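Chains as they are written, first to last, in the working numbering: chain G, 42 to 290; chain U, 42 to 290.
Careful: at least some of the hints might be erroneous.
Treat identical chains as interchangeable: a pair holds within one or across any two.
Straight line, CA to CA, 16 Å or less: simulated EDC-like cross-link-like pairs of lysine to aspartate or glutamate [unchecked claim]: (1) K52 - E243; (2) K52 - D245; (3) K52 - E213; (4) K284 - E213; (5) K52 - E168; (6) K284 - D214; (7) K109 - E120; (8) K52 - E248; (9) K263 - D282; (10) K284 - D259; (11) K52 - D207.
No wet-lab data here; the hints were simulated from the structure.
Note that the structure is predicted; figures quoted are calculated from it, not measured.
Protein chains: 2
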Amino acid sequence: MTYCVGMILDKGLVMMSDTRTNSGVDNISVFRKMHHWSVPGERQITIMTAGNLATTQAVISQLEERNKAPSDRRPSILEAPTMFQVATLVGNLLRNVIEGRQDNGMRSEGPRFTASMIVAGQIQDMEPRLFMIYPEGNFIEASFDTPFFQIGETKYGRPILLRGYDRSMSFEDAVKLLMVSFDSTVAANLSVGLPFDLLVMERDRFEPLHQRRILASDPYFKSISSSWSEALRQAFHSLPDYKFDIGVG
Amino acid sequence: MTYCVGMILDKGLVMMSDTRTNSGVDNISVFRKMHHWSVPGERQITIMTAGNLATTQAVISQLEERNKAPSDRRPSILEAPTMFQVATLVGNLLRNVIEGRQDNGMRSEGPRFTASMIVAGQIQDMEPRLFMIYPEGNFIEASFDTPFFQIGETKYGRPILLRGYDRSMSFEDAVKLLMVSFDSTVAANLSVGLPFDLLVMERDRFEPLHQRRILASDPYFKSISSSWSEALRQAFHSLPDYKFDIGVG
Chain G
42 MTYCVGMILD KGLVMMSDTR TNSGVDNISV FRKMHHWSVP GERQITIMTA GNLATTQAVI
102 SQLEERNKAP SDRRPSILEA PTMFQVATLV GNLLRNVIEG RQDNGMRSEG PRFTASMIVA
162 GQIQDMEPRL FMIYPEGNFI EASFDTPFFQ IGETKYGRPI LLRGYDRSMS FEDAVKLLMV
222 SFDSTVAANL SVGLPFDLLV MERDRFEPLH QRRILASDPY FKSISSSWSE ALRQAFHSLP
282 DYKFDIGVG
Chain U
42 MTYCVGMILD KGLVMMSDTR TNSGVDNISV FRKMHHWSVP GERQITIMTA GNLATTQAVI
102 SQLEERNKAP SDRRPSILEA PTMFQVATLV GNLLRNVIEG RQDNGMRSEG PRFTASMIVA
162 GQIQDMEPRL FMIYPEGNFI EASFDTPFFQ IGETKYGRPI LLRGYDRSMS FEDAVKLLMV
222 SFDSTVAANL SVGLPFDLLV MERDRFEPLH QRRILASDPY FKSISSSWSE ALRQAFHSLP
282 DYKFDIGVG
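Isolated chain G, as found in the complex (with noise of 0.2 Å):
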């Protein structure tokens, strides 16, 4: 499994992604699931991958020959005018990579070779834009109401982000928010571990504003998994008291 989140802010775009991979709860290693591009002052595009490795290592790795060969005629996200064909661009060559497999003689294995992923970015006088591409080669993006995307295990560290998000606030305490629902989600879900991968790109800066590896030694990812549990326990005490005298019935 997998747990990515991508935000949309005011200020800009956070990512941040796990890195455990599994083949069964005995065999477990460690890949970077989160991919950056950047041209210095004219775009970013940051990729998180759940799914198949294998799929979306070939997805990630096709993406990279056509960025190092701009004569070929294939198109490269580093060269699309908009995010949406960068979006589309990606969403393309995710269908051919999974359709490619299954006509393969695989295709009563079933989906197997399934992945989705998260796009976002910004390219200079646009607007910052995030995008979920599903396994199809179709994909939505994030708007006022749906600000944000999970893929892979998404269930345990959804309640927080919903509670959580604003649109309005700052990088630092979006990074905490996400530092929260993957200690949610790794509490929960073996298949979810660190370390995990976070970047913050800013909005008209057109390179990662921050950008670092949590390993599990991290003293602050630390210091929010025992503080939160205590944070939530105060929460609950502070709530109203149910009384069974007013329960009758």
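Guided by the hints, dock chain U onto chain G, whose structure is given.
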């Protein structure tokens, strides 16, 4: 979908279930998923159900029929000598009902008729016990390490249960905890809905201590729902702040 939780405390057992059933989002109904039987002074048993409604109703109806015909040679949960035998009886009945449907020329349609159940109760001179029954008819029992069971849409409401549960908590606090867990689930999954059924079984009291239906208009649930958002936000803001300057690399 469904959401039911059964938990074991030092003081007894607390059960809560939703009542929404759906066959597509355009076809929802209200059905009771919690069923209670007691023999005052001797035993009380509660069963909560998730899964195919025709299956779970067939199981509950057959249990009821057996209770009404004590001379029948088929065993009744009101006469089984231990809670282990009650769970065995319910498990066998559940498996038989599911197999009966699948043998009926419908096996190829997959696990459409599947269901799972939580069985809880106490018989005089024995300990309160809590079981989760699988569609295959086998079951597991709650222990000191895993003192509550969820069935149905378990993920959204699980993080707060993991943090808030304490075996020595009062019944009132347990109900408060369940309200928060159900509120998080209802907020995220349309197929879980009010009203809820609540039942508290105190140790060595062989009839319900407290039993009620919580409607959408319930003032306590509404106050939990609104104050939990605020309490979570405060908990979130009480956490240490993230600082970008510690994050180079």
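Do the hints match the structure? See the list:
In the homo-oligomer, the alpha carbons of K52 and E243 lie at most 16 Å apart inside one protomer (6 Å), although the nearest pairing across protomers, at 53 Å, exceeds that limit. Only within a single protomer do K52 and D245 lie at most 16 Å apart by alpha-carbon distance; the minimum there is 9 Å, versus 59 Å between protomers. Only within a single protomer do K52 and E213 lie at most 16 Å apart by alpha-carbon distance; the minimum there is 11 Å, versus 43 Å between protomers. For the homomeric pair K284 and E213, the shortest alpha-carbon distance between copies (6 Å) is at most 16 Å, but the shortest distance inside one copy (40 Å) is not.
Taking the shortest Cα distances, K52 and E168 sit within 16 Å of each other inside one copy (11 Å), while across copies they are farther apart (58 Å). In this assembly of identical chains, K284 and D214 lie within 16 Å of each other by CA distance solely across copies; the values are 10 Å between and 36 Å within a copy. Taking the shortest Cα distances, K109 and E120 sit within 16 Å of each other inside one copy (11 Å), while across copies they are farther apart (76 Å). In this assembly of identical chains, K52 and E248 lie within 16 Å of each other by CA distance solely inside one copy; the values are 14 Å within and 58 Å between copies.
Taking the shortest alpha-carbon separations for K263 and D282, only the inter-copy value of 13 Å comes in at or below 16 Å, while the best intra-copy value is 31 Å. For the homomeric pair K284 and D259, the shortest alpha-carbon distance between copies (13 Å) is at most 16 Å, but the shortest distance inside one copy (42 Å) is not. Taking the shortest alpha-carbon separations for K52 and D207, only the intra-copy value of 11 Å comes in at or below 16 Å, while the best inter-copy value is 41 Å.
Comparing the model with each earlier hint shows no violations; every hint is respected.
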